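Undergrad: What follows is the residue order along each chain.
2 protein chains.
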Amino acid sequence: MSKQQLVVLGQSDATRENGETGQTDACCPGLLTAPLDEDQAAELAKVFKALGDPVRLRLLSMIASRAGGEVCVCDLTPAFDLSQPTISHHLKLLRQAGLIDCERRGTWVYYWLLPEMTDRLAGILTRPSVDATS
Amino acid sequence: MSKQQLVVLGQSDATRENGETGQTDACCPGLLTAPLDEDQAAELAKVFKALGDPVRLRLLSMIASRAGGEVCVCDLTPAFDLSQPTISHHLKLLRQAGLIDCERRGTWVYYWLLPEMTDRLAGILTRPSVDATS
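Sequences listed follow chains A and B, in order. Position 113 of the first sequence, counting from 1, maps to 220 under the numbering used here, and the rest follow consecutively. Position 130 of the second sequence, counting from 1, maps to 237 under the numbering used here, and the rest follow consecutively.
Bound conformation, chain A alone (with noise of 0.2 Å):
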């Protein structure tokens, strides 16, 4: 790569290569595909940052994997050395990011996975198909 190319890097020139492998969908800028602006990145943030925890990933991976199923906090936090107000502290933040919701029934709290979080995420970092136009 010569470096003439580097040269009309900009929102632009990302916009137009952009249009020409087609729009993405209106739900979810491309992560790989255009440049983010401000509101697109510091919204994506806050859920990637939701995600940047190793207890909220183990969370979240223990209510996601009960396939369309919910789980009883009472079962998540026998996995943990954390007291339940500390799982329940990030089962808030997952759910404030839109990963997770809940519902109270008695005395238990359950929760289960909002997919639509995670399947956007996984759209914006998968690569566009290669249509080697440039």
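None of these hints come from the bench; they were simulated from the model. Every clue listed holds true.
Copies of one chain are not kept apart here, so a pair can be met inside one copy or by any two copies together.
Straight-line distance between alpha carbons at most 20 Å, and here's what the computed SDA-like set of lysine to any residue pairs gives:
| id | residue 1 | residue 2 |
| --- | --- | --- |
| 1 | K199 | L139 |
| 2 | K153 | A229 |
| 3 | K199 | W219 |
| 4 | K156 | D146 |
| 5 | K156 | H196 |
| 6 | K199 | C209 |
| 7 | K199 | E177 |
| 8 | K156 | M224 |
| 9 | K199 | A152 |
| 10 | K199 | L189 |
| 11 | K199 | W215 |
| 12 | K199 | V180 |
| 13 | K156 | I194 |
| 14 | K199 | A186 |
| 15 | K199 | Y217 |
| 16 | K156 | L139 |
| 17 | K199 | L221 |
| 18 | K156 | G205 |
| 19 | K199 | F187 |
| 20 | K199 | V162 |
| 21 | K199 | T184 |
Keep in mind that this is a model prediction, so the values were computed, not measured.
Dock chain B against chain A, hints included.
TA: Relative to the frame of chain A, chain B by itself:
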């Protein structure tokens, strides 16, 4: 979903489910298919943490959207109201997370995407095909 189903939650159950649906690649623990162990979660959390910042997300998208290409740091900094050392620090965190790599040539450093890592993240965030065995 009955509460009784929830009682069987556990690593062994999830492992069995995973066995039925076919193993995930050795490279990629399935975030959505089985509970992550502590080491997997710690490793993955580092990468998501690197993505959990709007500036880093914008930098990554600027680098990644240069389809197959690379970007001079001198073309990245003008997009931000941040000093070049700050930009370089964010780029270093993305590099430490295995998301990008770089090379110095003369005055400038050039960055490019390591698509193996974004592919891996996309993979672990992708739902397994629903086989409705449970």
